[in-house]
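If you're matching them up, the sequences are chains A and B in order. Using this note's numbering, read the first sequence as starting at 1 and increasing by one per residue. Using this note's numbering, read the second sequence as starting at 1 and increasing by one per residue.
Don't read these hints as lab results, they were simulated from the structure. Quantities reported herein were computed from a predicted structural model and do not represent experimental measurements. Careful, some of the hints might be misleading.
[What the hints assert, rightly or not] Derived PhoX-like pairs (lysine-lysine); straight-line CA-CA distance at most 20 Å: (1) B:LYS377 / B:LYS452; (2) B:LYS10 / B:LYS221; (3) B:LYS160 / A:LYS7; (4) B:LYS160 / A:LYS11; (5) B:LYS292 / B:LYS305; (6) A:LYS136 / A:LYS54.
[Stated by the list, open to error] Okay, the calculated bits of chain A under chain B, using three or more residues with CB under 8 Å as the criterion: (7) 11-19; (8) 36-43; (9) 52-61; (10) 66-80; (11) 112-118; (12) 135-148.
[To be verified] Sample of chain A residues lacking proximity to chain B, with all beta carbon distances greater than 10 Å (derived): (13) ASP89; (14) VAL90; (15) LYS94; (16) ALA95; (17) ALA103; (18) VAL124.
For each residue, glycine too, the CB sits at the ideal point set by N, CA and C.
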Amino acid sequence: MTERITKSMAKNIYYGGGTFALMIFIALTFDTVHQIPKRSNQQNMTESVVAGKKLWEKNDCVGCHTIVGEGAYYAPELMNVFQRRGGSDVTAFKAYMQGWMAAQPLAIPNRRKMPQFHLTPAEVDNLSDFLIWTSKVNANDWPPTIEG
Amino acid sequence: MKYTSQMVAKPYFIFALILLAGEILFGLLMGIQYIWGDFLFPLIPFNVLRMVHTNLLIVLLLFGFMGATYYLVPEETESELWSPKLAIITFWIFVVAGVLTILGYLFVPYATLTELTFNNLLPTMGREFLEQPLPTKVGIVLVVLSYLLNVSMTVLKGRKTVITTVLLTGLLGLAVFFLFAFYVPDNLIMDKFFWWFTVHLWVEATWELILGAILAFVLIKVTGVDREHIDKWLYLIIAMTMVSGILGTGHHFFYMGAPEYWLWIGSISSAVEPMPFLLMILFAFTMSRDRKIKHDNEMALTWAKGTAVMGFLGAGVWGFFHTLAPVNMYTHGTQLTAAHGHLSFYGAYIMIIFTVISYAMPILRGRPHGNSAKAQKVELASFWMMNSGMLGLTLALSAAGLVQIFDQRVGTNLIGFMESQESINGIYMVRAGFGLLVFAGLLTYFYSFFVKEEAQQA
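Isolated chain B (complex conformation) (with noise of 0.2 Å):
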């Protein structure tokens, strides 16, 4: 470690995986209640799980990406972070409103959290992944301009580099387009095309310039590349994720009541989205190929080869099934968006959590060639552990969503929801077995960080 306040990361690092543990947690309580509805109800009913699930995934990633680029940017800025006690109050608060808005969820109905809460002074509540409520959205608007505040100035005084050019663009990005998470028409088609300003921005644009810089950083410590070549590279990237991006929220404007000129803008832009994906394949292959050191942690590159192949799957390939007009006309809904999303988000999103924290970690803990030999093969194994997990699990989804549009909506012979999902149960057993095999593979790598060193590495 160059800089010593580099150490603010570490909180944000181990914040975050717990609160991985809880997402996936929670997760597999869901996938229980999709076989028996009994399960947990009335005690903690669907919509609840759901939130406590998307909400913590959500902030365990700003956990991570704030970790992230407060391990990066004094090295990439070369000079110490402007405030890293903002940074450890920045965080403390986070955690204190993050845990507060978890509790309310689970031990308040959710109507009466409204009324608690302020929400008919201002309504934003109960919206899919924007069901914080006020203070809570407030609270995440000041964390990410204290967040803000933090690097720019930072970078403003230190060395500027594409990668915090990138990274701080993709950050303001961020803090612009939750925005739109205030905006709450009463017309609810005008609601939804602004929702997805929050939602679809902040995914498929400008946390994946985020995503683009984590990756360079962490792929210029590993192998040693000459900056230049990486640079260019990560321009490539973001290219092709604006160029692609943004014009492809278009594909969320389908079947929702806007025009139907969204129908050819989407599908045309949304074709290319896989571009972004396929590239950072290209670049973190290419990059670990012509690689000028060999770096002893072997498990960061491999997470990073692993962002790369896994994103593309998640965002590229699973994005690209549905995402043309007349194929989404029957996926829109069903589990096919779901499949989509868990892989998408855990291939691209969870899994740079991973390269950075498993790439920086060591180094906050005194181990700069990385962790031991014996600490990385287990940690090799839960990245094989959770990667096939979430396969298995998409790929059960997958099967469900298919089924449900023979069942509900192609053909003569058509069955209602109920009943066909029914007909999915058995195939949500699979799920829930490769949900449990993601859980294991956490728990394997957990376990990876209390490994003990062995006594004298060369």
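Here chain A stands alone, though its shape is the one from the complex (with noise of 0.2 Å):
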């Protein structure tokens, strides 16, 4: 098969290619900046939602967990989580998450661990509302179930 196909060949299908590929990968990169905004809802994104994500950064929370589906796999998903523990209920999850975050690390034998982060009330509501946040931000309907 490859007997048909000089150096000379191979080196353009490489160049141009690759030279095509990327520009088209540009246009498109252009087209979703402009777009992520608007299926992210950034309009409503606070100081407290911001705050959330430099503290979910802080702590490394992707370390464990995922969030829309990136990060790792050894604790919950948590796109939908004010959905799956607050009900999509903005009071409820957020002392859901008052309530969750001091009890850490569960004294559960064995079970997987989440330390204890020492977070203040006020950041923990700033998680919350980052988690609420994500939780609207139009992925394609992903994830499938509630159970992420």
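Take the two lone chains and join them into the complex the hints point to.
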């Protein structure tokens, strides 16, 4: 099969094909960057949501959990934890989060453990706001079920 | 060894192998914590184990690529390295920065580490694989720049070959795409989108160029096949890589907040992504069949063929399993991703490092004909131990992923994540067992370096 292809043909496919793919990729990148604010409801991204994201990073939450399907696979997906644990009710979810974060690590032998992060109640609220905001992102109907 | 400056590759290779031992060790610890959640907790929580595991992988691959480059560039360009001294200084800077970072992960709580390392000035930490503190990230940039400078200057003054051009393009891409590690928008979705520019475009585009160049170099050396012929294959492989890999980034954009058209673009281009790896198999086996010389270092060719096969399985086949958008809807964020990650990193990248070390290290140690037959026998045993260990581990993780999908995502009787994970516990034990086999294989590999040469080799 490769007998008929010469080195210069192969070279041209590499440079031509590579450049072509890169150009499409760049064009679509511009379009995606333009669409993401709408799809993620950036207008609802309050200071508290941003503070929550910073806390998420500062404590390396993604080192155990997944969010929007990405991260580690040691602990539950959190994109839809607002629906799963808060029943999509802001007050109920925030109360749940305060209790949950304070109770860590759970004293159940050999259950996977979440460390105690010593967050203030205001910080836990930031985290809740961040997760609520994330739960409303348009991710093409992912996750498929509430169990994520 | 034709050029004395090739010697600088040696410390890079040795350190890469030491880091690999660390990586696997931490992998084993994670494997145990998966089964017994109290293991090492709260001493080392899971996220810290994982950070050490994945960061060691990234850094060891960079050391391996650098070692490979410093070894092959003088031979390809037919001239000494521009500055062997710079290569050695860079080595030590990278070692110190790497070790300090790992110690930081292990002994300082991550939140404190972010405060100590000026993360508030330019927040870049706390993202998967890019957990490094700001000074480490800046250090990586400096190390890569010095490496690029050294290689470019050598290439500029010497003979230009397709291999060095492809290698340099890959290195340049590596450097450019790492810069996205410094861009962290407040919007999580935008953040994720650009995060992939580093992560995907490293492993599924630019690193494949580096892989292709190293593979081509070793194949020329151990098969004696005409360079023109090898070059054509190399171009074909990387052409397929670029055509499929760049737009293949789209398979990460299915379900993370990016627009719908990625469902199509990602699915179609990543269906082509196994192609470069399939070509690599054809390449390695055709060159081996058509070889002009029979090199005494048979293990180097064995590793080269192994890289192509295992890379195809891990990156090609296991990637394809879950790369079509309708399938990925169910597999996204499950152990199937971990299965694919393990086999592809091992098959494509760890194995190319083994390939080049297996070829170059004996020469650097004054054995131009390769290690003794006895040492090669030990090495071959380690080859099979590590390969079967990684395959077993991958199959176990795939089974875990499937159970997870049927538990949490398909049908009506759904159970939650933690419950599902408990039901998978037995599979995780199997996984840990295969992990042990990989580790035993690595120790066997290390042992092969110390097998005494037979008194008289014909």
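Hints, verified against the model:
For the given pair, B:LYS377 sits about 12 Å from B:LYS452 by alpha-carbon distance, which is consistent with the 20 Å threshold. At roughly 18 Å between alpha-carbon atoms, B:LYS10 and B:LYS221 fall within 20 Å of each other, so this suggested pair holds. Between the alpha carbons of B:LYS160 and A:LYS7 the distance comes to roughly 16 Å, so the proposed pair stays at or under 20 Å and holds. For the hint pairing B:LYS160 with A:LYS11, the CA-to-CA distance comes to about 15 Å; that is within 20 Å, so the pair holds.
Distance restraint check for B:LYS292 and B:LYS305: the Cα-Cα separation of roughly 17 Å lies within the 20 Å cut-off, and the hinted pair is therefore satisfied. Taking the CA atoms of A:LYS136 and A:LYS54, the gap is about 19 Å. The hint holds against a cut of 20 Å. For the stretch 11-19 of chain A, the assignment as covered by chain B holds, since 5 residues bring a beta-carbon within under 8 Å of that chain's beta-carbons and 3 suffice. For the stretch 36-43 of chain A, the assignment as covered by chain B holds, since 5 residues bring a beta-carbon within under 8 Å of that chain's beta-carbons and 3 suffice.
With 8 residues having a Cβ less than 8 Å from any Cβ of chain B, the stretch 52-61 of chain A passes the three-residue criterion, so the hint holds. Coverage of a stretch by a chain is defined here by at least three residues with a beta carbon nearer than 8 Å to that chain's beta carbons; for the stretch 66-80 of chain A and chain B the count is 12, and the condition holds. Judged by the Cβ-Cβ criterion of 8 Å, the stretch 112-118 of chain A is covered by chain B as claimed, because 4 of its residues qualify and three suffice. Given as covered by chain B, the stretch 135-148 of chain A passes the check, having 12 residues with a CB less than 8 Å from a CB of that chain where 3 are the minimum.
Residue-level check passed: A:ASP89 sits 19 Å from the nearest beta carbon of chain B, beyond 10 Å. For A:VAL90, the condition that its CB be more than 10 Å from all CB atoms of chain B holds, with the nearest at approximately 19 Å. With a closest Cβ-Cβ approach of about 19 Å to chain B, A:LYS94 is found to remain outside the 10 Å limit, as its non-interface label requires. With a cut of 10 Å on Cβ distances, A:ALA95 stays outside the contact zone with chain B, its closest approach being about 20 Å.
No Cβ of chain B approaches the Cβ of A:ALA103 within 10 Å, the least distance being about 15 Å, so the stated non-interface status holds. Residue placement check: A:VAL124 keeps its beta carbon more than 10 Å from all beta carbons of chain B (closest about 14 Å).
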